[in-house]
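Trainee: Spelled out, the chains give:
There are 2 protein chains.
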Amino acid sequence: MKDKFYKYIENLQDTITSTLKKVDGVATFQEDLWKRAEGGGGRTRVIENGGVFEKGGVNISKVFGELPEPLRKQFGVKEGDFFACGLSLVLHPKNPFVPTVHANWRYFEMYDANGNIVTQWFGGGQDLTPYYLFNQDAIHFHQVCKSACDRHHPEFYSKFKETCDNYFWNTHRNEARGIGGLFFDYLKETDEFSIEDRYNFVTEVGDSFIESYVPIVKKRKELDYHQQHRDWQEVRRGRYVEFNLVHDRGTLFGLKTNGRIESILMSLPPIVQWKYNHQPKENSEEAKLLEVLKSPKQWVK
Amino acid sequence: MKDKFYKYIENLQDTITSTLKKVDGVATFQEDLWKRAEGGGGRTRVIENGGVFEKGGVNISKVFGELPEPLRKQFGVKEGDFFACGLSLVLHPKNPFVPTVHANWRYFEMYDANGNIVTQWFGGGQDLTPYYLFNQDAIHFHQVCKSACDRHHPEFYSKFKETCDNYFWNTHRNEARGIGGLFFDYLKETDEFSIEDRYNFVTEVGDSFIESYVPIVKKRKELDYHQQHRDWQEVRRGRYVEFNLVHDRGTLFGLKTNGRIESILMSLPPIVQWKYNHQPKENSEEAKLLEVLKSPKQWVK
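Protein sequences, first through last, are from chains A and B. Count the first sequence with the working numbering and you get residues 929 to 1229, in order. Count the second sequence with the working numbering and you get residues 929 to 1229, in order.
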């Protein structure tokens, strides 16, 4: 399974980066291969100063070896080896009318002293962070997420949509990071689902990514914008940074376990503003977004 | 003692803001008074888009009442009331040749069920974050810190300078946030020092702030700079954000205990950049700064 899923994310990285390169039209992805001293490594692909994407990364990595101390604590085991691999992407478009997107699909195995798999699971999801809200974009994104889920279980979408809203919550601001999507973790083998079923579900979600995001980019990338729109985008990007550095488990785990810093922090936006006590005008487009972030909506039924 | 110290920081806030206003020449401080539901409140003073200061805050606050849960845990007590007050300041100048500065001086009391003081202490310090390193500025800042310390104990400076270097360390980057200064905490009554001695020391340090920083600002604020200097300043400000959101105990404590967000996060810089894998050119001024941040120097003997 680990080889099969790694092969899958290798191919998916190729598909996504070649598609995004075409959409961007100006910049290409810079590739960095890196090795992890304790075992494994990754293939980081970053785009900067593009026609559409101001900054973004589509990274895969595979790490294995002895379970690091923080993971041993978290899983309540004394020793053991592990294997983990995944694809992570974040795209920060230049045009404030094009939303930022984040996605991650990953697989984890843990072994006993004889090298047998003790436990294995999939995790991941994708979520959208608009700066200006177009209802039809939000509906499109959620509809694609839902269709991928519905082919596997009628309750997956509502469950993973709710998990996503709860996870990407900036508690200190009492607002969501964006308008959500899907988030799932610890998808293990159960009586109902084999590990093959889990693989089929996660790869179906991964395969749906381009369809969920690229049509929105194409629709909005040529819209005219002014400095006031950029200012708002840059202020909202500050909230994105706050979430990633204060709350995001993946980022903090990476920072605290000696991960490759530049691959982890490629998620941070290129230009960000913090203004003191910034409040959008009443009834403005900016205020409309905030209202939705304060109480997440059901976009599709 | 609590009334005496609060009176002190009220006056110090006035002195510092009126001095900085004169230095800035363009902007004034906007004042916000706020109340804390559980007891206390603060006087936040923020400057933005000034002639010298792009963003900054000089805030005082006084909070009291029942000890919040995270503090009860930290101090290992089951119940009790507390009182805390302090002055916090961060200044982000526009000119990349003028360093950012941070300072904080605070006092804490904890009570038993009868309202008697169980323990009381002072804490605080001040530290400098340059974007371009002028040795004479670093020496000046540290010399003023040392002179204030030396009037109270011959070992205070070296001890609190080292604590500062250790505290403002971005572990995930393996580099210091800036070039340090002083950091001290839990300055309690001992056989050697009365609580009055502690008060005299902390207020001496507070009184030295203007002398430690303002001459540097005056000396550098008119220096010509180009976009490349701004870019470097904005990238380095990103490291400042990383420290404050990932590591700073004060910020995280504030965020997790329902403090006033806008007063806590006034410390974040106005405009920030994150570039992928940014490295300064060899032997450049930017590289020279990094070298010092990787291994903190002794600036004065």
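Hints in this document: simulated from the structure, not taken from any laboratory. Among the hints, a few may not be true.
What the hints assert, rightly or not - Taking lysine-lysine and the BS3-like style, the derived pairs with C-alpha atoms no more than 27 Å apart in a straight line are:
| hint | chain 1 | residue 1 | chain 2 | residue 2 |
| --- | --- | --- | --- | --- |
| 1 | A | K1203 | B | K963 |
| 2 | A | K963 | B | K963 |
| 3 | A | K1222 | A | K1022 |
| 4 | B | K1222 | A | K1184 |
Unchecked claim - Among the chain A residues that face chain B by a calculated CB cut under 10 Å, a handful are:
| hint | residue |
| --- | --- |
| 5 | V974 |
| 6 | G1008 |
| 7 | D1009 |
| 8 | Q1156 |
| 9 | V1169 |
| 10 | I1192 |
| 11 | L1196 |
| 12 | I1199 |
| 13 | K1203 |
Backbone N, C-alpha and C fix where the C-beta goes; we use that ideal spot for every residue, glycine too.
Trainee: Work down the list of hints and note, for each, if the structure agrees.
Mentor: Taking the hints in turn, this is what the structure says about them:
1. For the suggested pair K1203 (chain A) and K963 (chain B), the alpha carbons sit about 21 Å apart, so the restraint of at most 27 Å is met.
2. This hinted pair does not check out: K963 (chain A) and K963 (chain B) have alpha carbons roughly 52 Å apart, beyond 27 Å.
3. Restraint check for K1222 (chain A) and K1022 (chain A): the C-alpha separation of about 25 Å stays at or below 27 Å, so the hint holds.
4. The suggested pairing of K1222 (chain B) with K1184 (chain A) holds, with an alpha-carbon distance near 18 Å, which does not exceed 27 Å.
5. Checking V974 (chain A) against chain B by beta carbon gives a least distance of about 5 Å; that is within 10 Å, so the hint holds.
6. At about 26 Å, the closest approach between the beta carbon of G1008 (chain A) and any beta carbon in chain B exceeds 10 Å, and the interface hint on this residue is violated.
7. This hint is violated: D1009 (chain A) has a C-beta 25 Å from the nearest C-beta of chain B, more than the 10 Å allowed.
8. With 10 Å as the threshold, the beta carbon of Q1156 (chain A) stays out of range of chain B, its nearest partner Cβ sitting at about 16 Å, so the hint is violated.
9. A distance limit of 10 Å between C-beta atoms decides the matter here; for V1169 (chain A) the minimum to chain B is near 6 Å, and the interface restraint holds.
10. At about 8 Å, the closest approach between the beta carbon of I1192 (chain A) and any beta carbon in chain B falls short of 10 Å, and the interface hint on this residue holds.
11. For L1196 (chain A), the shortest C-beta to C-beta distance to chain B is roughly 4 Å, which falls under 10 Å, so the interface hint holds.
12. Among the interface hints, the one on I1199 (chain A) holds; its C-beta lies about 6 Å from the nearest C-beta in chain B, closer than the 10 Å criterion.
13. Taking 10 Å as the C-beta contact cut-off toward chain B, the hint placing K1203 (chain A) at the interface holds, the least distance being around 7 Å.
Hint violations for this structure: numbers 2, 6, 7 and 8, all remaining hints satisfied.
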